[in-house]
Amino acid sequence: MTARFVALGDSFTEGVGDDDPSRPNGVRGWADRVAEELAAGESEFRYANLAIRGRLLDRVLAEQLEPALSLEPDLVSLYAGGNDLLRPRVDIDALAHRYDEAVARLAGCGATVVLFTGVDGVDDPVFRRLRGRTAIYNEHVRVIAARHGAIVVDMWAMRQLRDRRMWSPDRLHLNSLGHTEVAIAVLDALGVAHGLVPAALGPQPVVHPRLRRAEDLRWGREHVLPWIKRRLRGESSGDALEAKRPGLAPV
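Quick note on the UniProt record's numbering: the sequence shown kicks off at 1 and runs consecutively.
Quick caveat, the hints were computed from the structure, so don't treat them as lab data. Please note that the accuracy of each hint is not assured.
[As the list claims (entries may be wrong)] Here are the in silico distance ranges between beta carbons for each label pair:
(1) Glu44 - Cys109: 13 to 21 Å
(2) Val207 - Ala146: 16 to 24 Å
(3) Arg142 - Val122: 16 to 24 Å
Cβ coordinates follow ideal geometry from the N, Cα and C atoms, glycine included.
Please construct the entire structure, taking both the sequences and the accompanying hints into account.
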């Protein structure tokens, strides 16, 4: 029985893209969904979510690792490094070394550790360029998981996440449909029965190339340019935010 679930990471784990004004930081996300399913019928279950959007791997580990260990979790999830892969330069091998050290500490406390591979962006003309970086990162994650007995949720293999209908307008964050798919994958990997149902979207609609180009231009103007401006100013989308669930609490 899982009694204490602690989630670490960046916007993916915080739940960005899955808007819910009634929740802390205004988002829900896959981790909240997993916690809700784990809490069903378990009065002692507690959940903390330390993830904050925009965090690079080193900042995730510096800010969240020690607090997570202090909570003595029996289940912990960690996804970090995706924002690093978006930077012009990244040493993936060095990043993986620091990731490995963190996973070793989490596994060493006796918790079940859940890790994630990155999504395959093959169907997107922009994110397709990051496939090489993501594939190298994913191989490191698999090796780290094998070394420390962690569970891997293989989002690279989740072909449904290639469907743009699973993503928010910024194309960087999953929407409620996508977060539900990840929650299902996590619960299935843990061997936990649940009531979540995958989306039945049917075939992807065919979009005329002219309309696709117009959508791409609008996306660049509304989402890419503001992101670039924040990078140039040294700002992050999570600078003014705190963890939405900093301590273990009932769901």
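> Broken hints, numbered, in rising order?
Replying inline: Failing hint: just 2.
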